[in-house]
Amino acid sequence: MDSLRQAQSYLERDPLRYMDMLEPIRRGMVEVTALREDGVLLYNLPGELYMLAADSVESAQALCAGVEKMELAVAHSRETGEYLQKRYGIARCQGCTQAAYLGKEPFPAAQGVEIRPLGQEAFSVVFANYHSFSDPKYIRERLDAGVMRGAFAQGQLLGFIGMHAEGSVGMLEVLPQHRRKGAATALMAFMTGFCLERGWVPFSQIFHGNEASLALHRRLGWALSQRPLYWVMPE
Numbered sequence: 126m127d128s129l130r131q132a133q134s135y136l137e138r139d140p141l142r143y144m145d146m147l148e149p150i151r152r153g154m155v156e157v158t159a160l161r162e163d164g165v166l167l168y169n170l171p172g173e174l175y176m177l178a179a180d181s182v183e184s185a186q187a188l189c190a191g192v193e194k195m196e197l198a199v200a201h202s203r204e205t206g207e208y209l210q211k212r213y214g215i216a217r218c219q220g221c222t223q224a225a226y227l228g229k230e231p232f233p234a235a236q237g238v239e240i241r242p243l244g245q246e247a248f249s250v251v252f253a254n255y256h257s258f259s260d261p262k263y264i265r266e267r268l269d270a271g272v273m274r275g276a277f278a279q280g281q282l283l284g285f286i287g288m289h290a291e292g293s294v295g296m297l298e299v300l301p302q303h304r305r306k307g308a309a310t311a312l313m314a315f316m317t318g319f320c321l322e323r324g325w326v327p328f329s330q331i332f333h334g335n336e337a338s339l340a341l342h343r344r345l346g347w348a349l350s351q352r353p354l355y356w357v358m359p360e
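Throughout, our numbering is defined as the position within the sequence shown, counted from one, plus 125.
Hints were generated in silico from the structure; no laboratory data involved. Hints should not be assumed to be uniformly reliable.
Computed spacing ranges between beta-carbons, pair by pair [stated by the list, open to error]: (1) 171 <-> 131: 32 to 38 Å; (2) 204 <-> 246: 52 to 58 Å; (3) 212 <-> 261: 28 to 34 Å; (4) 137 <-> 220: 21 to 27 Å; (5) 261 <-> 204: 33 to 39 Å; (6) 245 <-> 351: 37 to 43 Å; (7) 257 <-> 352: 17 to 23 Å; (8) 265 <-> 216: 20 to 26 Å; (9) 305 <-> 127: 46 to 52 Å; (10) 161 <-> 193: 18 to 24 Å.
Under the rule of at most 20 Å between Cα atoms (straight-line distance), these lysine to any residue pairs were calculated in the SDA-like manner [claimed, not checked]: (11) 229 <-> 152; (12) 194 <-> 359; (13) 306 <-> 255; (14) 262 <-> 247; (15) 194 <-> 250; (16) 262 <-> 337; (17) 262 <-> 250; (18) 194 <-> 152; (19) 306 <-> 262; (20) 262 <-> 290; (21) 194 <-> 218; (22) 229 <-> 343.
Ideal Cβ positions, reconstructed from N, Cα and C, are used throughout, including at glycine.
My request is simple: use the sequences and hints to build the entire structure.
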């Protein structure tokens, strides 16, 4: 059994918890950095981040023994996330809820809302309204990747959504003046179908405290893991 299959076997013990690692394996986006019976460390190539699943901090230490530098990572327990944060001097360890859509059927198109691709012409509005990451280079890369979509009504942009470089659905924002008009539901439903059409399992992470996003995922039938994961990232 090759290393990717061994890693997949370990992660499939709890598929929802580890969907952010399993799905990139299926999409051919990762390589195995280290592997043990009690954990796995992947490197997500397009996302440029490490992804750690480990049964204990001791396992995490062993898996990371050969990694001298780490700037961005995902860990699947608070203890291992804080270990990475301390060892590599990374600023934040932010808790999230893992979510995945495990259904097979897409949602019907929203009435009264048109979903269109967004390109660089939308950079200024995306940069001004997307608050989770403020790196303009990253936003331009996402627009160039062809994965950003906007919701429009009567020619006006209501909000936008996209996919992150590591494979998750995200970057969902509704412009303040257009909230409570169904734009978030329309965008999330569209991106769910975008993934399903490509044979992918749609997955996302919701930062702790974002109750509106949790409610949206529940309303659309996404499964929510009871085990949090942790983004270890710069400010």
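Here is what the structure says about each hint:
| no. | hint | result |
| --- | --- | --- |
| 1 | 171 <-> 131: 32 to 38 Å | violated, 22 Å |
| 2 | 204 <-> 246: 52 to 58 Å | violated, 45 Å |
| 3 | 212 <-> 261: 28 to 34 Å | holds, 29 Å |
| 4 | 137 <-> 220: 21 to 27 Å | holds, 23 Å |
| 5 | 261 <-> 204: 33 to 39 Å | holds, 34 Å |
| 6 | 245 <-> 351: 37 to 43 Å | holds, 40 Å |
| 7 | 257 <-> 352: 17 to 23 Å | holds, 21 Å |
| 8 | 265 <-> 216: 20 to 26 Å | holds, 23 Å |
| 9 | 305 <-> 127: 46 to 52 Å | holds, 50 Å |
| 10 | 161 <-> 193: 18 to 24 Å | holds, 19 Å |
| 11 | 229 <-> 152 | holds, 17 Å |
| 12 | 194 <-> 359 | holds, 13 Å |
| 13 | 306 <-> 255 | holds, 19 Å |
| 14 | 262 <-> 247 | holds, 14 Å |
| 15 | 194 <-> 250 | violated, 34 Å |
| 16 | 262 <-> 337 | violated, 28 Å |
| 17 | 262 <-> 250 | holds, 14 Å |
| 18 | 194 <-> 152 | violated, 26 Å |
| 19 | 306 <-> 262 | violated, 30 Å |
| 20 | 262 <-> 290 | holds, 12 Å |
| 21 | 194 <-> 218 | holds, 17 Å |
| 22 | 229 <-> 343 | holds, 16 Å |
Going down the numbered hints, you'll see the structure goes against 1, 2, 15, 16, 18 and 19, while the others check out.
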